[in-house]
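**Q** So the chains spell out like this:
Protein chains: 2
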Amino acid sequence: MIKYPNGQPSNFHKKERKTSVARSISSANRGMDFETDINLSCEYYKEKGLALITKRPTPINVVKVDYSKGAMITHAYFEKQSTTDYNGVYKGKYLDFEAKETKSKTSFPLNNIAPQQVEHLLGVIRHGGIAFFLIRLISLGETYLLKADYICGFYNEKPRKSIPVSEIKEHGILVKKGYNPRYLFLEAVDEAFFR
Amino acid sequence: MIKYPNGQPSNFHKKERKTSVARSISSANRGMDFETDINLSCEYYKEKGLALITKRPTPINVVKVDYSKGAMITHAYFEKQSTTDYNGVYKGKYLDFEAKETKSKTSFPLNNIAPQQVEHLLGVIRHGGIAFFLIRLISLGETYLLKADYICGFYNEKPRKSIPVSEIKEHGILVKKGYNPRYLFLEAVDEAFFR
Numbered sequence: 003m004i005k006y007p008n009g010q011p012s013n014f015h016k017k018e019r020k021t022s023v024a025r026s027i028s029s030a031n032r033g034m035d036f037e038t039d040i041n042l043s044c045e046y047y048k049e050k051g052l053a054l055i056t057k058r059p060t061p062i063n064v065v066k067v068d069y070s071k072g073a074m075i076t077h078a079y080f081e082k083q084s085t086t087d088y089n090g091v092y093k094g095k096y097l098d099f100e101a102k103e104t105k106s107k108t109s110f111p112l113n114n115i116a117p118q119q120v121e122h123l124l125g126v127i128r129h130g131g132i133a134f135f136l137i138r139l140i141s142l143g144e145t146y147l148l149k150a151d152y153i154c155g156f157y158n159e160k161p162r163k164s165i166p167v168s169e170i171k172e173h174g175i176l177v178k179k180g181y182n183p184r185y186l187f188l189e190a191v192d193e194a195f196f197r
Numbered sequence: 003m004i005k006y007p008n009g010q011p012s013n014f015h016k017k018e019r020k021t022s023v024a025r026s027i028s029s030a031n032r033g034m035d036f037e038t039d040i041n042l043s044c045e046y047y048k049e050k051g052l053a054l055i056t057k058r059p060t061p062i063n064v065v066k067v068d069y070s071k072g073a074m075i076t077h078a079y080f081e082k083q084s085t086t087d088y089n090g091v092y093k094g095k096y097l098d099f100e101a102k103e104t105k106s107k108t109s110f111p112l113n114n115i116a117p118q119q120v121e122h123l124l125g126v127i128r129h130g131g132i133a134f135f136l137i138r139l140i141s142l143g144e145t146y147l148l149k150a151d152y153i154c155g156f157y158n159e160k161p162r163k164s165i166p167v168s169e170i171k172e173h174g175i176l177v178k179k180g181y182n183p184r185y186l187f188l189e190a191v192d193e194a195f196f197r
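Just so you know, the sequences run in chain order A and B.
Our numbering applies: residue 3 is where the first sequence begins, and numbers increase by one.
Our numbering applies: residue 3 is where the second sequence begins, and numbers increase by one.
Honestly, the hints are just simulated from the structure, not real lab data.
Careful: at least some of the hints might be erroneous.
Pairs involving identical chains hold if they fit within one copy or between any two copies, as the list cannot separate such chains.
[Claimed, not checked] Here are the simulated lysine-lysine pairs, PhoX-like style, with alpha carbons at most 20 Å apart: (1) 50 x 71; (2) 48 x 179; (3) 178 x 50; (4) 71 x 82; (5) 82 x 48; (6) 105 x 171; (7) 149 x 179; (8) 171 x 149.
In isolation and in its complexed conformation, chain A is listed as follows (with noise of 0.2 Å):
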């Protein structure tokens, strides 16, 4: 049986919709954990008036309600997001990041990353605003806080793959874990946009 997400729909339809339906549960449950542990951060900021960033609402096309049933939507469908999960403000600055994991111990695998997320966070550079990526390496147990144009540089460099693991230490810059927040990834946005 699938578990179905409680009122966490964004990142399911993704993991659902790459993979079969016999999709593991402990898989599809790890991607919920970091989304989650970084929607916590989020919020945590929030709550201590640091940031306000939210997590953006999975892109549903409805299609019937039946309203006899109190608007129980029957028929819809998932869209693709067309900009990237978390945006918010920070010190007055506009802030946008996609937050990614990968199992892989030597590289982040860049089909990981879809091409308007890319054109999007590029935009959001252009416009002046705070754009990157947290990629968490999930066989190293650590998490990487890397400027989304370096990122973004490596995509649009054909024929490249993925990032190895030794340039994301190198270039990115450690998220701490914590209990509260799950991730003091504003610590990193300081060192890599404020200072």
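Given chain A's structure and the hints, the job is docking chain B onto it.
**A** Coordinates of chain B only, in the frame set by chain A:
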């Protein structure tokens, strides 16, 4: 027959949940028209490289997906939007707004605005972002930009229930209408926040 929006789910549930199933098609279309025009205006500004502003998808809680029919959602519910509908980046600043309209010839009813929208916009202001409302006065055929701190001030001031049109005209900036973009709201943003 209720017209189901195609790819425009965001305003759909708000209008439908508030009124009976027999809501007139013309009213539903009018709300959709304003939103559609704002979306088109954002698209124009993006194409011209002037601003990167998008409409936030309606949050939907997915309960069941039928994979035998290509990931068709068969059971889901609309959720309350925890923020506003539009945000993005303009001249390096975070920009956030809500588009509202009223048929009233004399005032803008404050019950059009949800408490979480007020809370969110005040948070945007605290963090140094640009926050405002675009208020369309349908009967007058005019649209005004009003700064969020002004509107939220009214909202929190009990027992005020609405903002008189005279005050909207006095404190707001008239948003020009055009063909492309449909609403030249960035000009009003410049006047309100960059001069």
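**Q** Are the CA atoms of residue 50 and residue 71 at most 20 Å apart within a copy, between copies, both, or neither?
**A** Neither way: residue 50 and residue 71 sit 39 Å apart in one copy and 44 Å across, limit 20 Å.
**Q** Up to 20 Å between alpha-carbons, please classify residue 178 paired with residue 50: within, between, both or neither.
**A** Only inside one copy: residue 178 and residue 50 sit 18 Å apart there, 39 Å across copies, limit 20 Å.
**Q** Which holds for residue 48 with residue 179 at a C-alpha limit of 20 Å: within a copy, between copies, both or neither?
**A** For residue 48 and residue 179, the Cα distance is within 20 Å only inside one copy (18 Å; across copies 36 Å).
**Q** My question is about residue 82 and residue 48: at a cut-off of 20 Å on alpha-carbon distance, are they close within one copy, between copies, both, or neither?
**A** For residue 82 and residue 48, the Cα distance is within 20 Å only across copies (19 Å; inside one copy 27 Å).
**Q** At most 20 Å between C-alpha atoms: does residue 71 with residue 82 qualify within a copy, between copies, both, or neither?
**A** Close across copies (17 Å), not inside one copy (28 Å); limit 20 Å.
**Q** How do residue 171 and residue 149 come out at 20 Å by Cα distance, when the copy is not named: within, between, both, or neither?
**A** Classified as within; 12 Å inside a copy, 44 Å across copies.
**Q** Given identical chains, is residue 105 near residue 171, meaning Cα to Cα at most 20 Å, within a copy, between copies, both, or neither?
**A** within (16 Å within a copy, 57 Å between copies)
**Q** Under a CA distance limit of 20 Å, which applies to residue 149 and residue 179: within one copy, between copies, both, or neither?
**A** Within one copy only: 19 Å inside a chain, 38 Å across chains, cut-off 20 Å.
The earlier numbered hint that this structure contradicts is number 1, and it is the only one.
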